[in-house]
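Asker: What follows is each chain in one-letter form.
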Amino acid sequence: MSRQITGILTGAAGGIGRAIALRLAGQGARLIVSDLDEKALVRLTDEFSSCESGTGTGQLIPVAGNMLDADIGDKLAEAAFNKFGEVTVLINCSGWLTDDRVQNMPIDTFRRLLDINLVGPLHLIDAVLPYMQRQGYGRVISLASRAWLGNFGSSGYSTAKGALVGATRSLALANGRHGITVNCIAPGFIDTPMSRSMPPEVVDRVIASIPVGRGGTTDDVGALVSFLAGDESGYITGQTILSCGGRGISEPMARTTGGKTST
Amino acid sequence: MSPAIRPILIACHEGTVVADIGRALAIQGFRPYVANYPQALDALEADLYDALLVVPALAANDKSDIAACVADELTRNFELIQRFVRQAIAQSKAGHVTALLPGAAAMGDPADTGASALGGGMISLVRTLALELKRLRMTANAVLFEWAVDNIANSAEVAALVETLVLQPGCAISGQTIFACSATDAGRLHP
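Note that the protein sequences, when read in sequence, are chains A and B.
Mapped onto the numbering used here, the consecutive letters of the first sequence carry residue numbers -8 to 254.
Mapped onto the numbering used here, the consecutive letters of the second sequence carry residue numbers 2 to 192.
Don't read these hints as lab results, they were simulated from the structure.
Ideal placement from N, C-alpha and C gives every residue a C-beta, glycine not left out.
Hints may contain errors.
As the list claims (entries may be wrong) - Partner residues are not named here, just some residues of chain A that face chain B (Cβ under 8 Å, in silico):
id: 1; residue: Leu27
id: 2; residue: Leu105
id: 3; residue: Gly141
id: 4; residue: Leu164
id: 5; residue: Arg168
To be verified - These stretches of chain A come out as covered by chain B in the derived footprint (C-beta under 8 Å, 3 or more residues):
id: 6; region: 8 to 15
id: 7; region: 70 to 81
id: 8; region: 128 to 140
Make the full structure from the sequences, and use the hints.
Answerer: Okay, here's the thing in structure tokens:
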């Protein structure tokens, strides 16, 4: 019988986080779901409770939290342990993105990108690892980004995600013998409110560069998280798995040629 | 053919061993100026440089909040790179950024998560720099070295590699992560 997934999901009110929360809880997971947007968290848990899959063993418990708080890790880890008696999964899904060219990026914006996308998630990992080590079991999954490979205009975001990938390699090596796997998922262009705010011509060029010919869905990412969070993924660690429709091996932006796009 | 005298700014922390790199670059026709981070920022205000070599590192006593220390160091390096890029744009000249990083940490060091995070962050920053700067005839690369007992191993070879990367304005080698680690990285997945 599969081990029940119990733990923490941050960024749970966002496009990808929400899909992960509903999928995992629908499969019976019990999660502390955290986000800065408290009202959106309540809507999430209400939606789960009212749908059919919310009648099973799954459970979503909202705990508002700000990744900029130094004690966010301890706060959520304690909440999960006190509620469930164990912490088997941490899913770092919180994030913030703003773009600017290197020469124009305000230093405090660069630092804020690091604080939210790197420092906060590392604090979470630090907080849950002692519980997982005592249990001899754990799954740490961090949402990185295809921007880890480099992304025009995203110096701060890319740097933060690259650092998260680097930390993941180290942590995977250090914790493998404790039964803990540590992995990253690097989504590409996923249909979320954030991506829908991009100019249509940019979206067209991005879509044209994706080998499978479409943008990703939040469920594309959720399915991968679901696998990595389960006990069947125990032989996969230290990896950064791209969920990008193959864009990681194609040109990042289709070229424009005479009003048409080509890859 | 030896290049004309080219000024290169080497930004590193006190105690970081880069003297051999500086000497090797000097022999190859560069005018290296080795400075710590505050000095390096000042140097970019006072003088023009063809290339910037950054050597990020965490202090050995940075144990209180590793994540914040990593963010501090990444931000420090970004600020320096940004100032160098602005200077190059203002002067309409090509420029080169090289990040010199310990290869073992970048590959994943189980005993030093901070160094691994720092390496990963710098590698991704270099890739983004390469994408953004290519139209400005600027390049950015990461060179990964290995430590000897108390020095950078094969520093003459590392310096020669850096020289190759910064010698040609607008050269095609950019956004790369190049291991000069005597194959200790071979047979493993690179970051």
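Asker: Checking each numbered hint in turn, tell me which of them this model violates, lowest number first.
Answerer: 1, 5, 6 and 7
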